[in-house]
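Number of protein chains: 2
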Amino acid sequence: MLKEQFGIDFKKTELLDEAFTHASYVNEHPKENLKYYERIEFLGDAVMQLCVSEYLFIRFPNLPEGKLSRLRAAMVCEDSFSKFAVECSFDKYIRLGKGEEKAKARQRPSLLCDIFESFIGALYLDQGKTVVDQFIRQVVFPKIDLGWFDHLLDHKTELQEYLQRNGDVNIEYQELADFGPENDKSYQMTVSADGKTLGVGTGHSKKAAEQAAAKQALQTLLAAKRAD
Amino acid sequence: MLKEQFGIDFKKTELLDEAFTHASYVNEHPKENLKYYERIEFLGDAVMQLCVSEYLFIRFPNLPEGKLSRLRAAMVCEDSFSKFAVECSFDKYIRLGKGEEKAKARQRPSLLCDIFESFIGALYLDQGKTVVDQFIRQVVFPKIDLGWFDHLLDHKTELQEYLQRNGDVNIEYQELADFGPENDKSYQMTVSADGKTLGVGTGHSKKAAEQAAAKQALQTLLAAKRAD
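Chains as they are written, first to last, in our numbering: chain A, 1 to 228; chain B, 1 to 228.
Just so you know, these hints were derived from the structure itself, not from any lab.
Which copy is meant is left open, because identical chains are indistinguishable; a pair holds if it fits in one copy or across any two.
Cut-off 35 Å, straight-line C-alpha distance, at most; resulting in silico cross-link-like pairs (DSBU-like, lysine-lysine):
1. K11 x K129
2. K3 x K129
3. K102 x K83
4. K31 x K67
5. K156 x K207
6. K207 x K35
7. K143 x K12
8. K31 x K225
9. K225 x K143
10. K196 x K31
11. K3 x K98
12. K104 x K92
13. K67 x K207
14. K35 x K12
15. K11 x K83
16. K129 x K67
17. K143 x K35
18. K11 x K67
19. K129 x K35
20. K225 x K129
Could you put together the complete structure from these sequences and hints?
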């Protein structure tokens, strides 16, 4: 699965075994001299902290430290990690004791979060930081563009800081259209810089439509920059 | 100083400037378009977490996660980092505003801790993780052997786990001597594995002397392993 979906081929598969083994399984198999995931998870947690911090630091060059910290906290947390674990089908591979299985630990967010971190720890030990960066570039960072953390991001400010990093630029938002009935109206706004249209966005208020336009503009600009 | 003491030669010296500049200095020099250290410190904090976690994970292969976490928390904290900052003379290089200087911020542990982290962030951005690892191998990790974190380490258990990692070994502690007056006695104990003496330690109780002997044995064994 890892090989097909992510192109990852573990050299030391015993690290993967350790990453997916819960203490309850080890206790039920005392003769097999197994290791459970907690030590590798300890390492994986720190790997995620650094990879996410580094990405945010580079991606948002003008975001102050307080906002970077809030964004990191929203990304590096049980809620996010447990969703990533399920998305990667890691829940299917956990080796659990019978009691924990019965207690539905396999669906427990705290366990899924642990397993995501322990997988990252194993990947780091086996393949190094560059491969971890590639993996989370596929699994974690697209969620920023999908809007998971939009409540923490102000796209209009971000766009302004991006465009004005080398000097003054004239940014304008203009209404393109409104549609829908009076009690459920939607707006479409464009954003332009020095007269050039960069993005269009729709929302139930002009403000929301402006945020959506700024977000689209940023995505286009960053994609063009990456393609350079 | 960095060059002489640690062999570090920054390529982008503006990163070092940023790492050592406090917000109060930026506020007093509004025309110079300066950056203060907080964003770099955000990154440096995560770099330290990973470097320390990785070192502990490898150095203590048998320590359970709970003890690793307590050890990391004792190393990655204001108290430790502020001491490292002074040891590296970083306090001399901080650019502070006049008000903060008057308020003796230069000696404030929280600021010194921040500066140590921001330096690490700058070093990571400029030279990469390997150079950071080399730097903290000189500045941070020797403190483990100097006993800064001994209250969190049980050297006897650590030695036992190290020696018995590949099978059973007979470990014995024996009293070599006691000395001093009855109300202030000291003990000297040796530790041996399968009859071979590995370390000697002194303490005000037999238990303390055993811990000291185990610690010496571990240092000798690990130094020999590193020299291999």
